[in-house]
Amino acid sequence: MTTSHKDVGILYLVTSIYFLVVAGVLALLFRFQLVDPSLNFLNAQKFNQAVSMHGLMMILFVISPLGFALANYVVPLQIGARDLAFPRLNALSYWLYLFGGILAIISFFQDSAIDAGWTMYAPLTAKSFSPYVGVDTGGLGVALLVASVTVSTVNFIVTIFRSRAQGLTIDKLPMFTFTILLTVLMMLYAFPPLLAAIIILLSDRMLGTVYFTSPEGGSLLWDHMFWFFGHPEVYIVLFPALGAVAEVIQASTRRYLYGRTAVMIAMAIVAVLSFLVWGHHMFNTGISQDIRKVFTITTIAISIPFDAIILSYIYSLVKAKIRINTPMLFALGTIGVFIIGGITGVFLGSNVLSYVLRGTYFVVAHFHYTMVGGGLLGLIAGLYYWYPKMTGRMFDERLGRIHFVVSMIGYNLLYFPLFIAWETPRRVPIYQPDLIFWHQLATAGGIVFGLSFLIMFWNFLWSLKNGPPAGNNPWGAFTLEWATESPPPPNNFPGIPTFSGGKLAFISTNGAAHGHHETHLSPYPFAVSLGAFLALAGITVHPLLLLVGIAVLGVSAVGWGRERFIAHEDPIGERWPFEDVDRVKLGWWTFIASEIALFGIVISAYLYVRTASASWPAPGALFDVWHGAVNTFILLTSSLTVVLALASAKADRKGMTTAFLAATVALGLLFLFNKYDEWAKLFKHGVTFGSSLPASTFFLTTGIHGAHVTAGVIALLYLVHRSAKGAYGKDNWEPIEYFGYYWHFVDIVWVFLFPLFYLV
Amino acid sequence: MVSTSAEAVYGLFNLFLTLGTLVGVVVGAYMLYNILRYKAKEDKPAEGEVSLGELPPPQGFPVKLLVSIFLSAAIVLSLIVGTFSILEYLESPPRDALEVRVIAFQWGWEFVYPNGATVLGEGRIPANKPVKFIVTSRDVFHKFGVLELGIGIDAIPGKINYYWTEVRVPGTYEVRCFELCGPGHGVMVGKLIVMEPSEFDKWYKAQGGG
Chain E
1 MTTSHKDVGI LYLVTSIYFL VVAGVLALLF RFQLVDPSLN FLNAQKFNQA
51 VSMHGLMMIL FVISPLGFAL ANYVVPLQIG ARDLAFPRLN ALSYWLYLFG
101 GILAIISFFQ DSAIDAGWTM YAPLTAKSFS PYVGVDTGGL GVALLVASVT
151 VSTVNFIVTI FRSRAQGLTI DKLPMFTFTI LLTVLMMLYA FPPLLAAIII
201 LLSDRMLGTV YFTSPEGGSL LWDHMFWFFG HPEVYIVLFP ALGAVAEVIQ
251 ASTRRYLYGR TAVMIAMAIV AVLSFLVWGH HMFNTGISQD IRKVFTITTI
301 AISIPFDAII LSYIYSLVKA KIRINTPMLF ALGTIGVFII GGITGVFLGS
351 NVLSYVLRGT YFVVAHFHYT MVGGGLLGLI AGLYYWYPKM TGRMFDERLG
401 RIHFVVSMIG YNLLYFPLFI AWETPRRVPI YQPDLIFWHQ LATAGGIVFG
451 LSFLIMFWNF LWSLKNGPPA GNNPWGAFTL EWATESPPPP NNFPGIPTFS
501 GGKLAFISTN GAAHGHHETH LSPYPFAVSL GAFLALAGIT VHPLLLLVGI
551 AVLGVSAVGW GRERFIAHED PIGERWPFED VDRVKLGWWT FIASEIALFG
601 IVISAYLYVR TASASWPAPG ALFDVWHGAV NTFILLTSSL TVVLALASAK
651 ADRKGMTTAF LAATVALGLL FLFNKYDEWA KLFKHGVTFG SSLPASTFFL
701 TTGIHGAHVT AGVIALLYLV HRSAKGAYGK DNWEPIEYFG YYWHFVDIVW
751 VFLFPLFYLV
Chain X
1001 MVSTSAEAVY GLFNLFLTLG TLVGVVVGAY MLYNILRYKA KEDKPAEGEV
1051 SLGELPPPQG FPVKLLVSIF LSAAIVLSLI VGTFSILEYL ESPPRDALEV
1101 RVIAFQWGWE FVYPNGATVL GEGRIPANKP VKFIVTSRDV FHKFGVLELG
1151 IGIDAIPGKI NYYWTEVRVP GTYEVRCFEL CGPGHGVMVG KLIVMEPSEF
1201 DKWYKAQGGG
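If you read the protein sequences in the order shown, they are chains E and X. The working numbering puts the first residue of the first sequence at 1, with every later residue one more than the last. The working numbering puts the first residue of the second sequence at 1001, with every later residue one more than the last.
Extracted from the complex, chain E is given alone in its bound form (with noise of 0.2 Å):
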């Protein structure tokens, strides 16, 4: 199966419009029970799986990954690389999308879908308030997109770090480019929250733990994980679409942005901003006066940026030469609305508005207005935009047009009259009837808007065997992209492209020498996901599914390490700061820099109901101090032994590398069976996850190590056979050396839990 970074863009591009299709549906599925409260269209219990799943598929299965269409087909070919760095992980990436959207979508054939909203709040999600099995699977599902994001995020940072063209410097850098940059970064620092949130919500759920159940703990604790993803992810899923529309605004005037610095200097600043603006969610929670001010002047401080972007994409307008066609006009209109989700966003950050909009229509019409149209159509217009380098057809343009004044009557049909009933309480099958003209213009708007994507997707289908012939470059742009063929050769360019001259150019490399040992295809990405697949369906299906899939997965696995797989990175390039770090060893950075989120996350989870408790035992009292010593006398010997066999490898004394990693799995599985014992006894005396707070942040926090530990034993059993064959040596030390940041690295989150759990 494919891994070219086009073929998985198409890819993603499908399987984002299926998944648009049935979130779609969704809404308007609960836009009829609408159109009159005194309906039973759908009943309340199946009003709140439609508007949950609609959310929540929308915001991670549809926009996000519409936005990441686009990025696997364009990111590469705007920085000039033939490919993306890890191109089985990107397809793997998208499998784990797919799956995770079905494990999503069978959660309706169970006994109820996720019925608590987007935000899934605990202690509704809990166990005793919503006690259905599909709840369960759709939080996999949401595990599963979490694992298909963090590959990706890697994969990109990567990508965008090493495989530039000379030249292409990070100022340099297209606007969409730049915005997928700062999107993956948001995205490694945001999404490992939501899996500890999933972690644990599901642990609450499935092993009955008490995190989110307890009176004691923190009634907050999801609240403040959920938004420090929640939050960010706001603009993970807005920026792809900033990028699209600023790469049609240049291309239409043909002309770079007006103060394109800046906005990108703006764009950054977004960024890092939208990790300290979570709390405004919270503003009615009882969270101190003086928290709030803060997160008062952060939400509307962070609106200024967003000022500067907008206002610069509008000077570039000036003095122009704007060439009007479909994606200009849904850049433009994705402008103009975006300026109504921002200024109505700007209320929802003060703290004072927040007592009375909170969990009102308007919080509803104001993110419809950023997310759909900042995000949605700026998306749209993105996909009329590269449209043409897809497929090398151009569409019909009066369809284009057509489409565009359908979908703005619709959209603003749809969204303008929600904030009219502004009073109308969020979630709700029944609402004041003195209200039900706007709700009834509201669902005609969305019918009008439903239909209105009918007419690009026939326009797409039609034009791809009827449309004129595109050429090169339709639009008259100026990144690299249009540099290339439509749809672009396998290996892209060419040649090698450089801006090494201030201008682009090819340096031949004729023929053979250039790219065709390169492997486009493999089947592991399929097969593991497939394998992660139903091993997590079988946790609320089947046991004998969770057999096969650890079966599918295990063996894919080992094919996936065996494969012969070359991936090309041209030997020229730009790729500061990290010109001495080779692709793989930033890979395995990026990697843990999630990991480090995740436990920084999970300890915080521990710390905060620790603080929010009353009382906890004295050290000592719970949990034996001997067991944490020796295992961290254990773990650390383990990381020597590591770095004992990667200084033997260096050294091609290869039967010394094989004996020391041999003594680490040794170590490794001591530790473990230090930790079975240690749980075991726990049991006996009746301590068990559901027991207690304490217990619970034990059990699950170690636990999580612990599977750390699992996962880092069952690779190094990977090495040692390797090994044993005499794979590593002077020529071939690297994959003990990152195996070793792992495994370090799971070490060192070892020396913060010893003192956290055992000895304060």
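I should point out that these hints are in silico values taken from the structure, not numbers from a laboratory. Careful, some of the hints might be misleading.
Said to hold, decoys possible - Derived DSS-like pairs (lysine-lysine); straight-line CA-CA distance at most 25 Å:
1. X:K1159 to X:K1191
2. E:K319 to X:K1044
3. E:K319 to X:K1041
4. E:K319 to X:K1064
5. X:K1159 to X:K1132
6. E:K127 to X:K1159
7. E:K293 to X:K1159
8. E:K654 to E:K585
9. E:K319 to X:K1191
10. E:K503 to X:K1044
Predicted model only: the values in this text are computed from it and were never measured.
Since the structure of chain E is provided, determine the placement of chain X on it from the hints.
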């Protein structure tokens, strides 16, 4: 306005709405004007346009942008100041306020009075007297909202939140839940009946309690 809280919150809302509309209309009109003014009549290359493969040239200082940033910063600052100026007032209940505990549950409202009187679904308070709501939940998150009176505060299990108001116009106001709390969320509607003080006193005494 019907209540102190409504006056404070909706007064600020109107400030936001006025400035927001002004900014939106000005920016929108400016954009539209430029689109119409500079719309290309035919697709011919013009002077100063970038050609394929050119890197971004060094740019002049974006003066216009800087001025706009200062303008929007000034507007934003006024909004923050506006918010903070009424925050203290909004969150400092007078000492003599009547304390009414509001306990949200799946799916209804319970009002508990200082004398121990407990009523379900229909809370009663006196007009023209400050009332402090002490809000919590028995099960999941809810939000106690009486929009007409400018009241809204989360009801959270294991947590106690406050809100106060003084209603000027006696009457019956609708209490709704504004946080998804399960299948009954949409029907979690109650009443807040604001009575003339003398009538309230009569009612309150009749409740007895403890």
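Now the hints, each set against the structure:
1. X:K1159 to X:K1191: 23 Å, holds
2. E:K319 to X:K1044: This hinted pair holds, its Cα atoms lying about 15 Å apart.
3. E:K319 to X:K1041: Given that 25 Å is the threshold and the Cα spacing comes to 14 Å, the pair holds.
4. E:K319 to X:K1064: Holds, because 14 Å separates the two Cα atoms, which is no more than 25 Å.
5. X:K1159 to X:K1132: 16 Å, holds
6. E:K127 to X:K1159: 21 Å, holds
7. E:K293 to X:K1159: Within the cut-off at roughly 20 Å; holds.
8. E:K654 to E:K585: 22 Å, holds
9. E:K319 to X:K1191: Violated, at about 59 Å.
10. E:K503 to X:K1044: With a Cα-Cα distance of about 23 Å, the restraint between E:K503 and X:K1044 holds, given a limit of 25 Å.
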